Each structure stands twice: as structure tokens, then as C-alpha cells.
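I would like the entire structure built from these sequences, with the hints used as guidance.
Taken in order, these protein sequences are the chains called L and S. Converting from the first sequence to our numbering requires adding 97 to each position, the first position being numbered 1. Converting from the second sequence to our numbering requires adding 10 to each position, the first position being numbered 1.
The set of hints was computed from the structure by calculation and includes no laboratory data. Fair warning: this is a prediction, and the values are worked out from it, not measured in the lab. Think of the CB as a built atom: it goes at the ideal place given N, C-alpha and C, for glycine as much as any other residue. One or more of the hints may lead you astray.
Said to hold, decoys possible - Sample of chain L residues lacking proximity to chain S, with all beta carbon distances greater than 12 Å (derived):
#1 ASP139
#2 ASN150
#3 ARG178
#4 ALA179
#5 PRO183
#6 HIS187
#7 VAL190
#8 LYS192
#9 ARG204
#10 GLU206
#11 GLY215
Claimed, not checked - Derived coverage of chain S by chain L (criterion: at least 3 residues anywhere in the stretch with Cβ under 8 Å from a Cβ of chain L; other residues may be distant):
#12 14-27
#13 265-275
Read off the chains here:
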Amino acid sequence: MPIVDDIAGLRRILARAHVVAVAGLSEHWYRPSYFAAKYLLDHGYRIIPVNPNHTEILGERCYPDVASIPGSVDIVDCFRRANDIPPIAHEAVAKGAKVLWMQIGIRSEEGARIALAGGLDVVMNRCVKIEHARVMGGLHWAGVNTGVISARRHA
Amino acid sequence: MADREFGFDTLCLHAGHVPDAETGARALPIYQTTSFVFDSADHAASLFNLQTFGNVYSRISNPTVSALEERVAALEGGRAALAAATGMAAQMLALLTLCRNGDHIVAARTLYGGTYSQLATTFAQFAIDVTFVDADDPAAFRRALKPNTKAVYAETLGNPQLNVCDIAAIADVAHGIGVPLVVDNTLASPYLCRPFEHGADIVVHSVTKYLGGHGTTMGGILVESGKFPWDNGNFPQMTEASRGYHGVRFYETFGDFGFTMKARMETMRTLGPTLAPLSAFLLLQGIETLHLRMPRHCESALAVARHLTAHRAVEWVNYPLLEGNRYAKLAQRYLPRGAGGILTFGVRGSAAAGERFIESVQFLSHLANVGDAKSLVIHPASTTHRQLSEDEQRAAGVTPEMIRLSIGLETLDDILWDIDQALENSQR
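Here it is, written out as C-alpha cells:
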């Protein structure tokens, strides 16, 4: 599995996923992680907050780590420093997640290696909210250059 | 598989518009509506909180206008854009998003007359101070910097002096103190020059000119490169909780399009110089042929410039790519595909002969615009720069005998014929 960075690959990942664990989700509405999680909720995903300091965020039960989450997870979305990523990658592999997603500004080659070896797709240094809006529609309304060139009807 | 990097011509036709899911309409629909329904109270709240992307009210965003914004952002190689009612409105929005009362701008002295007035007169009313400097001297920009300078402003191609900006050198000056270089790229269009490739941070356009190209519709746009480090300490309005939009931190939340979001949600939302959807549609019709029109404008303008150089009734000719022009070297660097469709010349016999020339042309249109598909002519001293004193006019490069031509797409021999017969009349 390669690192996914193209429009078709991102669209495939986001179209197949239903459950997103958000590692490092903040309780503060003005933080980027909160914006992203609220966006995912609004677009039909189930989100599972992962933050050891809280029991509930955005009305969803919060877990201290990925390993503690009961049931399956499709994407582990990481709002954590690069150094914190490798252990999360191990947990994502053990959990049977399909994607390890590192948010914009986060690059962990080691985390990527662990996840790829475990058969996961990896996305690095991209925001899940902005990429969803870019490739599935919406970001365009903010006047952003999405890079999408297509004569097929918008999905 | 890496995404394909599409060519400029493809972007002129496709960027910013994918057929919609409901109808599959191939042409861009004109969303002639003021407002957009919410799915639910929660959806409305998410939109107002900027937690999801969508349309609320056409003063802030509209899907037809968005297509224009994305297309110009793509053509400029930028990250995001915000359209406005006119070019003047677009530059105002860019600068008022950067500057507040007490701040300072360093700008080229050769700016378009309307821009000069906006900065020198209207911004002075907001206590935003502007120092105008020699556009040809990057050191003059550096000397004019102050601790409260928040932007440096220049034009790729000055109007009507047709001076070529050394964008890279002036970008270095701006970046030396951590402020953005804002470049008006109207007269070059992204076909001839992409200022972001030379270090500019924000580009503004009068879309009315070459981008639209048909002279039917007013419009403006600002584009952000997505590369400026807004967290460098000089722009707390980008990093701190916004007073104008209930606590949003624009740079942290929107990253490389945070400036455009702030310009949209604060400056545009409160000042309101919105582009109409029908105007966006008409301007996009023009952009679809930008890549076909610009080479022809450039070829014909160079041919007219060479023709005038040899004419006995002409004192001087100014076109940047003309042999011996003082800007030829900068033009070869920044405008390698052509120096645009505008040139100026002096009619022998000074102002009176210039007026006779303008009254004698048959199909060149005497009006105050540039960048139309039709050839245009004007006497700047008595029209576009009339509100300036003669000293200010000379500082902006306007002399009494100067005629400005904006060469259109007519048969070149016909353009030369009309100029020749009018020149002959001017000498009677």
C-alpha cells in the first residue's frame, strides 16, 4: 500500500469509510480538531473522540486511546505531534483500521511505515475536513483551487 | 497515481466547474438567488460557525461566483480567491484585510490613477498611510518601510507608463520585514505572468480587462498564494480570535486559504462589494478564450509599436518589448510570452495634435477602458488621470501628448490603416 495523495485515492478512502476515530480531539469549538470532527459528523460519519482527558466530546463517548475503542474503526485521524504517531499506528493496525490519517503539518515516516506494513492506507500532512470538501464537494464554494478537473457529474 | 497537472488552456475551460449532480448541465448554471435554504437548525449553525462549507447568502458566496474564483485561482497557480464587484473593490478588500487604522503601505508611484486615488485619498480617511516610491527602484521600496508597514503594493505592468515590475526584487524587500507583496496583475493576465512564481503573496485583478476580455462586465478578484506565513507575528488578526467573526482563528482553522476566508467572512461580509452571479458567468465566458486572445493582443500590439516607431508624425513609442525600451530586459524575464496589448505614444504637435488624432480614428473606440477585444484609444491627461495635478500626472508617467492604445483583435492591417489616417489628420 502506498501513501495516498491523489484525488481518486482520497475519494476512495473517504467514500468507503464510516467510522473515524479522532485522536487528539479538543473539547474547544475553535480548535481545528473540533472543526474537523464537527464537519465529519455533519457529513454522515460516526466519529469516536480519543482523548484521555475527557469522557465526552461533541456528544460522543470519548476513549483514552484507540485500543480502548470497542467495535471497528475505519480511519484513525491524528491530531497529535509526529513523535506520538508510531504508537497510534501500532494501535490502528491492531484495531484493524483501514487508514492512518495524519493531519496537516504532521509527518511521521515511522508511523507511516508501521501502518503500511500492517496493510493500512496512509494519508500524511493533509486535513481530513479540507480534503473531504475538496474531493467530495464544498470547498469549491470557498473559492479554493481544488485541482478537480472533470466533466462527470458531481457525486 | 499522482494527479495530472493540467495545462493552462485546459484550466481556462474547466477549472472551478464540474457538472452538478442534479442536472448535469454542461454550461455553468447562473445561480440567480440571494439566499440558500438550510437543511436543519444544526446545518445552519454549522454554516455560520464555518464548521462546514456551503452557501448562506450571495453577499458572502454564490456557486456561480465560486466557479470564477476557483478558475482564476487555478490560472494564477494560487490557493484561493475572492471575487468582487470591480478591480478597485478587490484591491480594497485585500488591503483592508491586511491593514487597519494606523498601518502603512509602500506602493509604486506609477499605479493606475484610480488606484493611486484610492490609496492616497480614501485610505488616508481611514488613517492608513501610503508612501509612493519609484517603481523601478527596489531600494526605494526598502527605504520607505516603517515598523507599521503591513503591505507592499505594485503592478506587474504599470498603467499607462507600461513599466515592468521587478516582482522578485520587491518581494524580497517585503519579505525582509515579514509583510506580503500584493501585485495587481491586470494588464498581464495570468497567461503572460504569474506573480506567485516570482514571490508575490497576493494577486489582484480587474477581471473587467483581459480576463473577461469582452468589455461587457465589471469584476475584480483577489487571489492568495497560500504560502505566506501569517503566524510571523505581524498579523495578529490572522492568528488571534476574530472580533469580526465570533472568535474564529482564521490561520489556524483554514491554513493556506485563511487569508481568503478572512477577507470573505469579515471584509467582504461587512463592506459588501459583491460580484453578481450573472457578471461571474459573463466573465467566465471570456476566460474560456483567454489563452487564444492574449497571444493575438501581444502580436498586434508589437506590430503597431514597430509601425509607429517608423512614423514621421510620432515623437516616441513606448512598448516594453520594443527594441531599446528601458523595460525590455525586465519584460523578457517577467513577460516572455508577450508584453500585453497596451502601448503609448506621443503625437508630434503635443496635446492639440493628440486630440485631433483621437477625434479622427474611425473604428478605434475612444473610451476609458483597456483589455477589450475591440481596439481602444484614450488621451490619459484629459481623462483617466484628469483628477491629478500635472506634477502628479508626470510622476505617474502621463505627459500631455501621450496617447494610450489598447490593441484589440481586429484585422491588423485595418488597425494600422485607422491609426495612419488619424495620424495624417492630426498633422493638418
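Going through the hints against the structure:
no.: 1; hint: ASP139; result: violated (5 Å)
no.: 2; hint: ASN150; result: holds (20 Å)
no.: 3; hint: ARG178; result: holds (16 Å)
no.: 4; hint: ALA179; result: holds (17 Å)
no.: 5; hint: PRO183; result: holds (25 Å)
no.: 6; hint: HIS187; result: holds (29 Å)
no.: 7; hint: VAL190; result: holds (25 Å)
no.: 8; hint: LYS192; result: holds (27 Å)
no.: 9; hint: ARG204; result: holds (15 Å)
no.: 10; hint: GLU206; result: holds (19 Å)
no.: 11; hint: GLY215; result: holds (23 Å)
no.: 12; hint: 14-27; result: holds (count 7)
no.: 13; hint: 265-275; result: holds (count 5)
When held up to the earlier numbered hints, the structure conflicts with hint 1 and nothing else.
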